[in-house]
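Chain A is fixed; fit chain B onto it per the hints.
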Amino acid sequence: MEKLKVAILGSGNIGTDLLYKVLRSSWLECSMFIGRNLSSKGMSRALSLGVPVSDKGIECIRENPECCDIVFDCTSAMSHNLHAPLLAQLGIIAIDLTPAKLGPFCIPAINLDACLNDVNINMITCGGQASIPLAWVIGQTQKNVDYIEVVSTIASKSAGPATRLNLDEYIETTEKGVKMFSGCGRAKAILNLNPAEPCIDMQTTVYAKLPEVDLPALQQGVRDMVEKIQQYVPSYKLVIPPTYENNRVIMSVRVKGIGDFLPSYAGNLDIINCAAIAVAEEFAKKRSEQGVI
Amino acid sequence: MRNVIISDATLRDGSHALSHQLTKGQIAAYAQAADAAGVPIVEVGHGNGLGASSLQVGLSLLDDREMLQTARENLSRSRLGIHVIPGFATINNDLRFAFDYGVDVVRVASHCTEADITERHISFTREQGKEAYGVLMMSHMAPKEVLLDEALKMQSYGAEAVIIMDSAGAYLPTDVMDRVGHLARSLKIPVGFHAHNNLGMAVANSVAAVEAGARIIDGASRGLGAGAGNAQMEVVVAVFERLQIKTGIDLYKALDAADIVEKSIMASIPYISSVSLVSGLSGVFSGFSKHVTLAAIEYGVDPRDIFFELGARKVVGGQEDKIVEVAMELKDRRERG
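Top line first, the protein sequences correspond to chains A and B. The first sequence begins at 2 in the working numbering and counts up by one. The second sequence begins at -10 in the working numbering and counts up by one.
In short, the hints are calculated from the structure, not lab data. Hints may be right or wrong, so weigh each one.
Unchecked claim - Label pairs and their computed distance ranges (CB to CB):
#, chain 1, residue 1, chain 2, residue 2, range
1, B, Met255, A, Leu239, 34 to 44 Å
2, A, Leu48, B, Ser112, 33 to 43 Å
3, B, Gly289, A, Leu239, 16 to 26 Å
4, A, Leu239, B, Asp291, 20 to 30 Å
5, B, Ile286, A, Asp215, 24 to 34 Å
6, B, Thr282, A, Gln231, 31 to 41 Å
7, B, Ser65, A, Glu60, 55 to 65 Å
8, B, Ser253, A, Asp119, 53 to 63 Å
9, B, Asp138, A, Pro199, 15 to 25 Å
Positions of the beta carbon are idealized from the N, C-alpha and C atoms, including for glycine.
One chain only, chain A, in its complex shape:
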């Protein structure tokens, strides 16, 4: 079977971690790994793995649009705003890992199929991939939800310079996703960085305020959702099951990474990348059914 060709645009933590996941996929092939600087850590890693590389950024794809069917954009929201129209014009599907919010928001466990009709799919944020499925379950199983809050804590070493500069975009994008998927009009997102050594695993807590809680329905819904997510993020684990205490609902998950580029504490890289891979593989399966590749 011929694999679907994907290019990775952006050679930072996200892009390099994604490369390992593409190399492991039986549906995808990394036809180009694109950065800006051949001596960067990510680029030299790609070279040592025998992957074709370019230091020309988006120019590389403009000059050679045949090189890929899908681009994973791991640059920044500002850059993706420039990349998106170009990729659309070239007929290349963009899976957007920046908080640019141009395409529909995708949580594979919730709306994977619906996203496949689009040419630009937004993966929201790492904290959003961890928290929004739980917020969605709250929306599906509870009535009159007044407010939802999602708090993620990640290891300082897993947050690169772009993540740090884009904290506001992270928060605003995550809040938008929580509201959209849960149907709750009031939401807040918080992000903490913890520098402890050895590094802590990513942890995400979801709170809700509502007049009356149907706890059995919530617990069943969360159990089902966790199982679904574990199909593409094996280490997604419930550490505080849905609980009603001190006038609030609380639940918490921990995400360990597979340890591809950064060690296993970087569950935040893993969860958004695993979700992006799930989307790309679904495209590959669809094309293969249609006999396109």
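For chain B alone, coordinates are given in the frame of chain A:
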């Protein structure tokens, strides 16, 4: 004679002591009294600052706008200050409107090793023509060399001072002298210090900070603040007078302001409770105190065990969800014997 700027955290850090339930009347009365005493900066807000009202840290009675508006209406000489933690507050959601309400000084805070997340909030404040300070919280968790690197980053973003916070109240005076001295020798901008009293050292540590070169000292009337409270501002003012350190604050009127705290804001002023002492020893954020006490009751475990376990896990401010997890684990461990 040395000059020191006193920044008053009563209506901000003090919110922790009140589970963020300050009323408009309390803010108005205290702000007027602080203004009359000539306190240079009066901070107002949720304990974790702008945009921090949350189920994670505690919901405020009043929203940020109501608090800022009430304080602004009652301050004429004092400048209005706010605490802002990127990760809680964004420029668009929170900071932008704060300037519409007449904020003068923005104290942009991060955990002591994460100064680079303050860049945009500091720059934005300076672009608005307002004063920006950088704040390094939980500073006992990093060596002085790291603190200096982080403070230098804040200086490069445009911060006009850097405040070192002893958020857990874990320092002794020699620790303070060592760190503040190191920063004061190497930075071009003034250094400030923010004490907590968990080990009974808040005023002594504030004196040590000035001896080591600090030019801004945070205090709170009657010590109203998270955990065992902050450096008691009226005591700081009195002690500084003895030491011929000039604050510009009228002592009698500072005492009047402190009496308002006791009469109208909180009858039981912060003291070093057993739980707060353990919080200081374990180096855990003072603001966790009330949450730990609640979780200990909810899950039937010893709050001291929760604090030491949180300390062992090196949790930082903002990780209040860990309190519930640790309490559940302690309960589970005990039930399994």
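Results for each hint:
Checked against the hint of 34 to 44 Å, the pair Met255(B) and Leu239(A) passes, with Cβ atoms roughly 39 Å apart. At about 37 Å, the CB distance of Leu48(A) to Ser112(B) agrees with the hint of 33 to 43 Å. At roughly 22 Å, the beta carbons of Gly289(B) and Leu239(A) sit within the given window of 16 to 26 Å. Distance hint check: the CB atoms of Leu239(A) and Asp291(B) are about 26 Å apart, consistent with the given range 20 to 30 Å.
Checking the proposed 24 to 34 Å range against Ile286(B) and Asp215(A) shows it holds: the Cβ atoms sit about 26 Å from each other. At about 36 Å, the CB distance of Thr282(B) to Gln231(A) agrees with the hint of 31 to 41 Å. Between Ser65(B) and Glu60(A) the beta carbons are some 59 Å apart, a value that agrees with the proposed interval 55 to 65 Å. For the pair Ser253(B) and Asp119(A), the supplied restraint of 53 to 63 Å holds, since their beta-carbon distance comes to about 58 Å.
In this structure the supplied range 15 to 25 Å holds for Asp138(B) paired with Pro199(A), their Cβ-Cβ distance being about 22 Å.
Consistency with the previously given hints is maintained throughout, with no hint failing.
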